[in-house]
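Single-letter residue listing:
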Amino acid sequence: MAAIRRSGGVVAFHWQGKLRDPRDEAFAKTLEQQRFRTIEKAASEEVSVGWVTPRDPTGDSFAWEDLDGGTGTWLRFRIDKKVLPKKWLQIHRDAAEKARGKKLSARERRELKDDLTEKLLPRVLPTINLVDALLFYEQKLVLLFATSKGAREAFGKLFFETFTVPLERLNPLLCGLLAGLSADEKHDLERAEPVRWPDHTAGGRPPRIRPQQNEAAEQQEAEA
Amino acid sequence: MKQATQGGETHGFLGEEFLTWIWFRWESDGGEFTLSGGRVVGVALDDFLAFAAPSEDETEQTLRRGLPTRTVQARTALRQGHRLKRARLLIAEGARQWSATLDAPSFALSGVKLPEDAEDCESEEDRTADRTANWLQLHEIVQALYARFLKERLRPDYLKTVGEEHARWMAS
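Chains as they are written, first to last, in the numbering used here: chain A, 1 to 224; chain B, 1001 to 1172.
Just chain B, with the same shape it has in the complex (with noise of 0.2 Å):
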């Protein structure tokens, strides 16, 4: 059987384990990473999820709305071993909130919204500028979360250490 790993050339497949790790971060960890910079940013899954078919010939599998993260039917596609291949997520920094799918293969952003506008902005200029940072910092934060995901993923030990625990939480 033929594993679907869309955009093999370009490591799809990395971006679909690191959305899961992710996930895997929230219900661990409570989802609260400090980065580069010790900065430190809050993530978590919001009400779309879709796991990535084990084969091209199977049917990708779509939850939406309530909170899917908590459903039967995506605790049976973690026991599965299946991969996220795209899900809703809430970033959030301080007082701003992003919230964004993100398609895991290609790292392509879908459905954003960036934080409310600062009381300070007077006009439009200052209100591009404004949103001209957030939609910058919501690329940075996705690279430093990835970045953060790839120093465990690429130790040496990672399948005894990260891995092993990452393999408990979804036969869990």
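Chain A extracted, bound-state conformation (with noise of 0.2 Å):
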């Protein structure tokens, strides 16, 4: 197996609540139940997203060991999307109204497309795509080894689906909100507003740095 990746891109997330402690056994077993399951055989557009470890991408075991990652616990999912190839519609529907000499009506080509998907689709292999997470179970911490929107929420909702938490993706105001700041310090963070910079190439006037909502509320004064 080889070792977690040393770059790319992150996007962390934080929980609140309980989770099971990933050094129990029953924390691996707590993933085979969102196990991944292949699609290899669908009959269908549709797509699969589960668990697997960092040794074994078919999701058919969850060796504790496989997810010790050290100081965190190596996450992997997977994403298997199958879909018919959009060529392959276009080719046998201009095959179809070449055959005929016109063009298919909207039904016809429903039909035509339900046939080929029928068809084809068994034939068809899923795209694959592996994403690495690090849990830090004393932090409350998941580092996601992707910065996609579907990703992110792929990982946000099988996650949920696995251990009835909700992960929250950090950002300045919950970063804030967990950096150890007094009451009043929260307070201030919460109504905290943009400082507006002034602009020092229009007209050389000193500088004077003010916050925006004083701004508005001087304009509005001035207005009324």
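Simulated from the structure, these hints should not be mistaken for laboratory data.
Among the hints, a few may not be true.
What the hints assert, rightly or not - Distance condition first, Cα-Cα at most 27 Å in a straight line; then the derived DSSO-like pairs of lysine-lysine:
1. K87/A with K113/A
2. K140/A with K1113/B
3. K41/A with K98/A
4. K82/A with K119/A
5. K119/A with K87/A
6. K186/A with K1151/B
7. K186/A with K18/A
8. K82/A with K41/A
9. K86/A with K41/A
10. K157/A with K18/A
11. K87/A with K98/A
12. K149/A with K1160/B
13. K149/A with K18/A
14. K186/A with K1160/B
15. K140/A with K1160/B
To be verified - Covered, in the sense of this in silico footprint (three residues per stretch, anywhere, with C-beta under 8 Å from a C-beta of chain B), are these stretches of chain A:
16. 2-15
17. 18-26
18. 65-79
19. 139-145
20. 167-177
Since the structure is predicted, the reported quantities are computational estimates derived from the model, not experimental observations.
For every residue, glycine included, the Cβ atom is placed at its ideal position computed from N, Cα and C.
Combine both chains into one complex, guided by the hints.
Laid out in structure tokens, this is it:
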């Protein structure tokens, strides 16, 4: 088994609530309940998302030691997608229209698509995407090694279905609330407004800074 | 004119102010930060900067390669009051060095490069454990720097103290 990656992009998530301890063997059993299930022979367009391990991409085995990443737990999930290739559909449609000598109606096009889907999809191989994540139990932190919206959403859904705990993506507000600030600081953080730095290239005015909120309030006062 | 504050509900602007503050601290104090627990890290801006567009219908300015922080374009953007939206950071702690591009409004890290694997790694399992620790360290360093920034930013007298220094630096 190759080591976890040394480069790439990550998105961080936080959870609140209780999660099963990954050092407990029952953790692997919980993953297994949402294991990846193949759609290799499926006869309809579909997507399958489920857990696998870094050692076994099939989802058939969940050995506890395969998830061991030292200070963190190495999770991997798999997304398979099966889609009828559009070019095949176009080729068959063109051939049918040529044989008929006229365009197919909307109903005929739909019937042709259904027929082709039934015939061709069992022969189409799904695209496979393996995505890693590191879970740090003590820190209530997950680092997902994918930045695309699709992968983030699939991961959040799978995580919730597995552990019934929602993940929250870290952002400047949430990071601040988790940064050990005092109650007053948290209160101020939640109400913080952007500082509008002055433009020194437009007229050489002396440096003055003020929060945007104050400026808007002053403008309202002036207008009143 | 509507300000372009991506992620307003998640305080994306604070991420941008944080990234700009790192630049300010790097140029003013040398970029060495003593974080909680006494850990000392060095932070510098590398070869990629993107300034947030001042409003939704204006162009975002991106500078790549070489030393973009030294360019006339970068200084002009600061003098115009623009915040950094994304930047490539070099972070060092002891002999270890990370590089990563931080997207300030979302706090996503891209193009991360971890330090070299430790010399005593003998197996793939050792390498995984070492890299896992390095991923966590990188996250913790960024969070600790952000906490340090917030301590300054949330001071009641911020605008009259650090904010004023920051404004002078941007105007310089």
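Verification of the hints:
no. : hint                : verdict
1   : K87/A with K113/A   : holds, 12 Å
2   : K140/A with K1113/B : holds, 23 Å
3   : K41/A with K98/A    : violated, 32 Å
4   : K82/A with K119/A   : holds, 14 Å
5   : K119/A with K87/A   : holds, 15 Å
6   : K186/A with K1151/B : holds, 11 Å
7   : K186/A with K18/A   : holds, 24 Å
8   : K82/A with K41/A    : holds, 10 Å
9   : K86/A with K41/A    : holds, 19 Å
10  : K157/A with K18/A   : holds, 17 Å
11  : K87/A with K98/A    : holds, 16 Å
12  : K149/A with K1160/B : violated, 41 Å
13  : K149/A with K18/A   : holds, 26 Å
14  : K186/A with K1160/B : holds, 21 Å
15  : K140/A with K1160/B : violated, 37 Å
16  : 2-15                : holds (count 11)
17  : 18-26               : violated (count 0)
18  : 65-79               : holds (count 6)
19  : 139-145             : holds (count 3)
20  : 167-177             : holds (count 8)
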